[in-house]
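Protein chains in written order, with the numbering used here: chain A, 202 to 716; chain H, 7 to 521.
Treat the hints as calculated values from the structure; they're not laboratory data.
Quick caveat, the model's predicted, so the values are computed rather than measured.
Hints are supplied without guarantee of correctness; some may be wrong.
As the list claims (entries may be wrong) - Derived pair list, reagent style BS3-like, types lysine-lysine, alpha-carbon separation capped at 25 Å:
1. A/K660 to H/K36
2. H/K322 to A/K585
3. A/K477 to A/K491
4. H/K476 to H/K320
5. H/K98 to H/K355
Chain by chain, the residues run as shown.
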Amino acid sequence: MTKPPTNSGVVWWPALVAAAVKLLLIPAYHSTDFEVHRHWLALTHSLPLSRWYSDTTSQWTLDYPPFFAYFEKFLSIFAARVDPTITDLHRGLNYASSSVILFQRFSVVLSDLVLVYSAHRLTRSRNFRALERLLISALVIWSPGLLIVDHMHFQYNGFLLGILLLSISFMEEGRDLIGGFIFAVLLCFKHLFAVAAPVYFVYLFRHYCRGGLVKGFGRLVLMGSAVVAVFAAAYGPFWYYGQIQEVLQRMFPFGRGLCHAYWAPNFWVFYIMLDKALGFLFTRLGFSIKAPTASFTGGLVGDSSPFSVLPTITPLITFITVLLAISPCLIKAWRNPQPRMISRWVSYAYTCGFLFGWHVHEKASLHFVIPLALTSLKSVEDAKHYFFLSIVSCYSLFPLLFEAQEYPIKVVLLLLHGVLMLYGFSARFPETSAMRDPAVKGGDNKSETNAFRIGWFGKSYLIGLVAVEVWGQFLHPIIFGDALPFLPLMMISIYCALGMLYSWIWQLTQIVLTN
Amino acid sequence: MAIGKKKSNNSPQTISEPEIWSFITSQTSKSCFLFIALFAVFIRLAVALHPYSGANTPPIFGDYEAQRHWMEITINLPPKDWYRNSTVNDLKYWGLDYPPLTAYQSYFHGILLRFFDPPSVALSSSHGYESYIGKLLMRWTVLMSDLMIFFPAVLYFVTVYYSGNPDDKKSSKAWHILMILLNPCLILIDHGHFQYNCISLGLTTAAVAAILSNRDLVGSMLFCLALNHKQMSAYYAPAFFAYLLGKCLRRQRPIVEVLKLGLVVVGTFALIWCPYLNSVDAFLEVLSRLAPFERGIYEDYVANFWCTTSVAVKWKRLFTTQSLKLLSLVATVSTCLPSMIQLVWSPTKRGFLHSLLNCSFSFYLFSFQVHEKSILLPLLPASFLVVEEPFVFQWFIHSALLSMFPLLKRDNLVVPYAAMYGLFVLLYHAPGVRKDAGVSSSIPVILKLFASACSLVIHIVYITVTPPEKYPFLFEAVIMSLCFSQFVLILIYINLKQWAPSKISSEADTKKKRL
């Protein structure tokens, strides 16, 4: 490790420590997503490309965009050498030997290299102090959410978020073409990232395609062709085989409901609760209310609405709401496209997508928590907000690990993360202004209020969080036994949704107020 | 001696990277300890996910079954029958062979297990009981013991160790705590293989801390408790004895002081042994269980003198057990003697810590019936000395890990072994800390590099190559001799260090003057 000039040790060191921790977590609980990805290895290995999106051997059909399928195909080359059963379409179903577990866990750990590299790149390009570099890379690489979702629950988010951060890092440097190109690649890995596409579009249109009509148009064509080339590389082969219809159907299953089985802590939780409350109230007042026949988590079947009073929500409504929510940010990006704001804007777009989107998964909160880590040290307000948000986000992921064995692990992980942020932010924003390094950006404000404190609001919210957890884990089973099993989860959803809503409003005001 | 030329590096020089860890190290002792302890707990929880010794291997199983069986025996039988062969307590099947404190500990843990999972400790019917919840509860009892005994003891030790020291030494405190709490060998044996070494080692740590803070009576009592949890704690006895004796001799009324200590020791023993003191037979019955001389001078392939030299000299064939007992006693005492004499001669705190290492190491290398796991005993005082002797500690950990590799491989713990090994190297070389840990003289560095290269090769060979049929334990023998040669070097060096204390103190004086 060569340290003195670039301090690269402070990025690689946390990454290697994280890798050791990830190895230790190999035998931890993994969800059905593990079998999903195993099946995709087998699928892409044993079948010709033309049948990838039409095969129904397993219920876990391929529903990610083509680049991810190619990625699985690439992994399957090694998987077949490690143990041929892994890539066997039929014998491999629900295969869970130690070889497949080791292989898949290692593939996640190795693919995280993209995340590490982008963390290195992002903190390198802005002349951070060693402490700031260490903190930011620790927040990204040691993110408890990523450890829970990727290395226990099982997914490849670290790899995908790494690509997103890489794109952001190029955009921040002003290298828009390659930034846009990488974002297009990301969209072909996982289409859920498309929520930030409007921001990218407006920003690139105004920032990259400027400088007169001719030059601007030339750049527009250049960028357009780069994006088209990426999409052609991804979808071209499927178009050639006449599979485009199947690919799109798999990627956009609108048969799913407004909410996921466990309600992601977003705006619709309040909508549902309001509907329930109104329904209850109206029944009491003597109105006859038809009990809803459909569930929120199930798909839209015919005309039946899962709501008793309030109008039903369709995918189109959520789409419009998300766009409306993002629009202030789009206006800002249109008026004054600045590279230093890009990570905030992208995070904000994902926050909107999370809060108002259709069938949102709780894991999607990582899409804005990880990029926001980059701006968490810009001001004490940012630090306070990030401290709050990352705890809420990590806590909202707790229901993913529901077995007893992982319970202490997730709790200690969150505590560790909280303490790390508390110490780190306190050191970066110390009590006395005299202590501050003059080189710190934005260090001109020397008032006492610049010290990092959790504050009464944060403290009371955190106490409430502990109360919700204690209730759900210990008091509820004692008092209610097995009755009302959904109540603890619902409380986590509602409580975290409050936190998420606060974060959304905070980000919105930041974006609107910043020039 | 080449290693002796190494400069004493008491404070990490962090000039090129100004204090990147200061956000942790500048916290108060307790906050700093809290953070590291949380990390240590997390690592222990992650290691505990892996299999324990003897998982799924009927009919004998392993240490996990032994501990579980002791819980079963102690909660179902009266204390007088714990060490006695009977129809329900077949001593051949993992009969209790640790002193009464272990039995009491098993009793309390047994009650806990009975509350949550009664079948796991049912008399006789639970032999070989293995279940998800059973494993979890057993793992948690180890973690609980660790948290209740080892962790506070380490905090106590570190507080005492740094209480009188100048500030420049204090900056290495956090690193010191990290090195003691994250000793990879201890974590792998307790939380992977499954044992309760944390209790006896924790009690020893507390005893050392008490004695360093001049609470000799408390220290003696704590050490007696350690002895009564695992008889192996006797490895430290010569050092405790010599130091306390040396101190007493320097007081006004030495005889009274010695008598006071003796009274405390006898009192503690009497209290713990009281169920077995009603008859001589009962007492001898327990005692005979604790000294399994019939098992021979060494077992398996432990890297000590007897086992290593047995390649050339067939000790077991040449001598009777009786004469071997005498021989090993003479060898152990004579190798402890220099260290003891020095300590009685000049009982300094520094000498005490060195002597703990010397004596326990002598016992490991020369005493009767030593197990691979006993390397944990010399490792503990070595970790106390880590700030003074970082190079030796690091070398020691490397060879100690190698010496336990065959054992851990048998337990299917290769992945956590590799992860913990990597984690140790990373934590030892944390960026910004211990830049000057390198040794000025090149001979030990080259020697260590050579040893590391050999170690790497033998690790790979051990995993991948099956040994020739004629010598099924060829690789174990190679590992053993490699470790033994390094252990002997370390023992000689530390003995020399203990005898040359004046040089260090004068160096410290000149350092003070410079400041």
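We went through each hint and held it up to the structure:
1. A/K660 to H/K36: Within the cut-off at roughly 21 Å; holds.
2. H/K322 to A/K585: violated (69 Å)
3. A/K477 to A/K491: Holds, because 12 Å separates the two Cα atoms, which is no more than 25 Å.
4. H/K476 to H/K320: Judged against 25 Å, a Cα distance of about 18 Å means the pair holds.
5. H/K98 to H/K355: violated (44 Å)
Of the numbered hints given earlier, the model fails hints 2 and 5; all others are met.
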